[in-house]
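Engineer: Those sequence lines, one after another, are chains A and B. Per my numbering, the first sequence starts with residue 1, numbered consecutively. Per my numbering, the second sequence starts with residue 1, numbered consecutively.
By construction, these hints were calculated from the structure, which means they are not laboratory data. Treat the hints loosely; a few may be bogus.
As the list makes no split between identical chains, a pair holds if one copy fits it or if it spans any two.
[To be verified] Here are the simulated lysine-lysine pairs, DSS-like style, with alpha carbons at most 25 Å apart: (1) Lys139 x Lys285; (2) Lys285 x Lys135; (3) Lys49 x Lys447; (4) Lys364 x Lys49; (5) Lys369 x Lys326; (6) Lys206 x Lys447; (7) Lys447 x Lys409; (8) Lys49 x Lys285; (9) Lys326 x Lys285; (10) Lys409 x Lys369.
Number of protein chains: 2
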Amino acid sequence: MQLSGKSLIGFRDGAPGNDVFHAFSPSSGEMIAPPFHSASTQEVELAAKLADEAFPAYSRITGSEKASFLRTIAAEIERVADQLVARAHQETALPEPRLRSELARTCGQLRLFASVVEEGSWTAPRIDRADANRKPIAKPDLRCKLVPLGPVVVFGASNFPLAFSVAGGDTASALAAGNPVIVKAHPAHPGTSELVGHAIRAGVQKCNLPEGVFALLFDSGTSIGRRLVQHPLVKAAAFTGSLAAGRSLFDLAVSRPDPIPFYGEMASTNPVFLLPGAVTTRGEKIASDLYASFTLGGGQFCTKPGLVFVRESPHLQDFLTVLREKVSASSSPTLLTRGIASAYEQVSAHRSREVHLDSLTRGKSSESKGPNTAAVALFETDISAFLANPSLASEHFGPSTLLIRYAVKEQILECARGLVGHLTATIQGTAEDLQEHADLIRILETKVGRIVFNGYPTGVEVCHAMVHGGPYPASTDPRTTSVGSLAILRFVRPLCYQDFPNFALPPELQNENPLGIWRLVDGEYVRASAC
Amino acid sequence: MQLSGKSLIGFRDGAPGNDVFHAFSPSSGEMIAPPFHSASTQEVELAAKLADEAFPAYSRITGSEKASFLRTIAAEIERVADQLVARAHQETALPEPRLRSELARTCGQLRLFASVVEEGSWTAPRIDRADANRKPIAKPDLRCKLVPLGPVVVFGASNFPLAFSVAGGDTASALAAGNPVIVKAHPAHPGTSELVGHAIRAGVQKCNLPEGVFALLFDSGTSIGRRLVQHPLVKAAAFTGSLAAGRSLFDLAVSRPDPIPFYGEMASTNPVFLLPGAVTTRGEKIASDLYASFTLGGGQFCTKPGLVFVRESPHLQDFLTVLREKVSASSSPTLLTRGIASAYEQVSAHRSREVHLDSLTRGKSSESKGPNTAAVALFETDISAFLANPSLASEHFGPSTLLIRYAVKEQILECARGLVGHLTATIQGTAEDLQEHADLIRILETKVGRIVFNGYPTGVEVCHAMVHGGPYPASTDPRTTSVGSLAILRFVRPLCYQDFPNFALPPELQNENPLGIWRLVDGEYVRASAC
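Can you build the whole structure from these sequences, using the hints too?
Structural biologist: Here you go:
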């Protein structure tokens, strides 16, 4: 497929405009063809209007029809897998095996949501039947279920060109719930975005859905995204990226005359607690696995373990030796964009100058050093320096981590109490460690969306029980997740029917339970009819 | 019980301060003893600190313990029912039978949430079991459930001194979910608030819970409420009241360094569509029931039907005659506060002067006219005047409604498309009307939280399927309800455990399913164990 460089607005292509931008190879710094055209404000209007027009029909297609649509998108993506992976590799420098697995994950997400909407119980129907004889007044018949919100805006993320971008988790869950989606492509991988956009458009066409179900808008800057979040016809928005950008879009969403739900997944440092028993029994293994986790994907994961608390002990040396050796021997990954690489080196340089750092190990500079390469960094400090310098606790995006040595348990409890919100916290320990640190777990439960035991936070499983979210600033809304099937609840609201005749109710709420789904009938979960 | 006029901060009473205010009798305008003392900023700090300290313990008591606590509160309220109803009548002028039924509803709400937390499935556990043999990488074990957010601030509402105030729906759902609650009492019924506050305090004491589980703060103005919403230890807030006050608190909540969920239930005009078949077959009955609904409680319900669309037809006359007669013969209710009464008369006077009103019927002025009495008002206009004057669509709080005559169906579709968010929409019609107006229903489904067929929106059933909420400005968050058991989802977030040993998991997530609750295990709803 030939890339056009134009936005996809329903079945129409965007017009070529004056504002043109390119993708750049992170490895060579060279521009990649073709030029991409930023969308115009008229194109934003058109996309919003088409989405609004598509909503009534799309929100009411059956679960099976939506499932078929989501599966068609997955198949269309797989059809262009080779071109997609090659282009994504060009635009991101992420290794091809990683991109292949990200593609599989993206299609897996679409199929997971397909299975959820096909089954149908996600609409959470509740039925309270009438009681004409109730005193002092008769009880009406009340039935509610979840319904989609309306057009949803999704922002593509730089660090996951597939799984958190055009057909990523937010798009999948918004479409699954019955909402049209307008994606604002991330400008760092526009070609990848266009290819995926065509796959979704093909899905819309093959399934005979209204064209407004999907649009993809390009923009070299922020004005199109800002306009989308403020558009009166847009009913919710989801973003994955930096704290500054996420907060600024959140502020727009909540300052509207009619505020809309906004899901920003932003900054997380993902503290890891290496408890004494674990370090004693398997320090070298942990060093090796931790190194793999914080350097995975160039450390450009929102779940990268960026803070590692470890207790001073004679057993620590083996762990430290292996970890420092790994870092010293590491080659320098190529980061996604020049902006990310330079911010990484700026913070690294700043931290290197800090007097309270008592050790710094850096990886090798590459032999063929490209413009975006960044040396791996292991910073080490002690607990008092950490507590005295709050900036050390903030996210450092890229292949680094900060090791903090502590002497007594109370010190990590104090650190845990002082944490802001994070996506994850990780405990490495023995069963005894876990029992002895129940108080630490109790604190972490109030700070994060997911607690990992004897694993690593990177590698976010796409399943029903995943929570990828957490208290601010990990996200702007801790009540949801951006990964896993629970994310379908982001883009819905409950709607109640009072005393409606059976024929006029949506199938989910009809007496006969024609869809055979789980419902809460008079307070009991049943799959039976409510006749 | 003797009223003290002091805030209740845990088990301590607020200090007497310089800022003193009184309740006023809406009937006579006279001050009612005792004086009430506004809370100080130090008392806000203390309440927040105690709530934060209570959270770890309170959030982890069992469902049975919480149920017992909620039932104890209900019993404590019933113990002082006579004094409570008498005081509420003094402070609000609402009739005693209404207050008795509101008290029963308030206790019913507490008991409904008690049954929900006792049963336990509301925590929505999800379990995805590990698969060590999965390729290319082993699948971890992931388990999530809902957990409480932390201290919640609840604002008492003027129009429901019991059911939407100190121990109202928001307090019940926040406590049920495991959150400490700080209530800001509404200054129009401080004595009622204090009595209920003591009932909750007694519940905390009898159930041996930490004192910070509950606080009640008085304030004559807005500063304590604003401070509470901005307090770093407060994790969510809920408000029922005017659009201006609700939006201003919402703006504070989302402008915090760490934004928090804010649930404002605000303005709703609750459109009613009287379809032709209904008017033809039972016009007089509808007139009489509609009159009862819009004048119920002095028209001071958020669900008051304030817009009534009716088609021009020869059959309309009987309906109109009865409705006008009812209004003409009505005596004037006493409204809750001088502010509400004067705003009601101001808008009434403004509407009376509008040239596009083609009929105005007013109720009788009372013989013993008090300061807050307000004559019932029936405004009538036609569809073109309505569409030309957007202010007619806004909420007019008090005993009035606006009747809008239309000629052809397309006109109400246009009106429906132009509606902002409302709590409810109501259809009066025959089964044929409903079928012929399926397009109207489709539009209303996108505008409201609840659609009523052949009933009236006032009288909000407290049950599992109720949705009392809706798109902005009906609420600041359409994703939830403020009435019914679904409201427990307001004050929670999902938390996930990865690869935790069984002993270290909360009981809801343990293999054996010791609580016997419904769980989504590997994508299937089951009540069995997951061993």
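Engineer: Work down the list of hints and note, for each, if the structure agrees.
Structural biologist: Checked hints:
1. Taking CA atoms no more than 25 Å apart as the test, Lys139 paired with Lys285 passes between copies only; the shortest distance there is 20 Å, against 64 Å inside one copy.
2. In this assembly of identical chains, the alpha carbons of Lys285 and Lys135 lie at most 25 Å apart only when taken from different copies (22 Å versus 69 Å within one copy).
3. In this assembly of identical chains, the alpha carbons of Lys49 and Lys447 lie at most 25 Å apart only when taken from different copies (18 Å versus 40 Å within one copy).
4. When the C-alpha separation of Lys364 and Lys49 is checked against a cutoff of 25 Å, the pair qualifies neither within a copy, at 53 Å, nor between copies, at 50 Å.
5. For a Cα distance limit of 25 Å, the shortest separation of Lys369 from Lys326 inside one copy, 20 Å, qualifies, whereas the shortest one across copies, 87 Å, does not.
6. Taking the closest pair of Cα atoms, Lys206 and Lys447 never come within 25 Å of each other, the shortest separation being 45 Å inside a single copy and 31 Å across copies.
7. Only within a single protomer do Lys447 and Lys409 lie at most 25 Å apart by alpha-carbon distance; the minimum there is 18 Å, versus 54 Å between protomers.
8. In this assembly of identical chains, the alpha carbons of Lys49 and Lys285 never lie at most 25 Å apart, being 56 Å within a copy and 43 Å across copies at closest.
9. In the homo-oligomer, the alpha carbons of Lys326 and Lys285 lie at most 25 Å apart inside one protomer (12 Å), although the nearest pairing across protomers, at 83 Å, exceeds that limit.
10. Taking CA atoms no more than 25 Å apart as the test, Lys409 paired with Lys369 passes in neither setting, with 43 Å inside one copy and 71 Å between copies.
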